[in-house]
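Counting from 1, position 61 in the sequence shown corresponds to residue 45 in the numbering used here; the numbering is continuous, with no gaps.
Among these hints, one or two may not hold up.
Claimed, not checked - Computed list of lysine to aspartate or glutamate pairs in EDC-like fashion (alpha-carbon distance at most 16 Å, straight line):
1) Lys41 / Asp22
2) Lys41 / Glu7
3) Lys41 / Glu(-4)
Note that these hints are calculated values from the structure, not bench results.
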Amino acid sequence: ATAPCFFKTKAEMGIGSSYTEVEAAYKDNIDPYSTNKDQILVGDLYGGIIFTFKDKKVVRIFLGAAAE
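Could you put together the complete structure from these sequences and hints?
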């Protein structure tokens, strides 16, 4: 999902949410090995949510399996 998508996760995160907001909303489910300043992975690569950031704001949300 990218702009102008108005989709929100159950934690109310969507395009335009800040890095800090996403980090706080999913603090217990963040994969520390696949997370950096440009993306946060919630869950894991086999089924999760990847938030991609630009200027500390969500610009892309990927849902599902990113690996096989």
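Do the hints match the structure? See the list:
1. Lys41 / Asp22: holds, 9 Å
2. Lys41 / Glu7: holds, 12 Å
3. Lys41 / Glu(-4): holds, 14 Å
Consistency note: the structure conflicts with none of the earlier hints.
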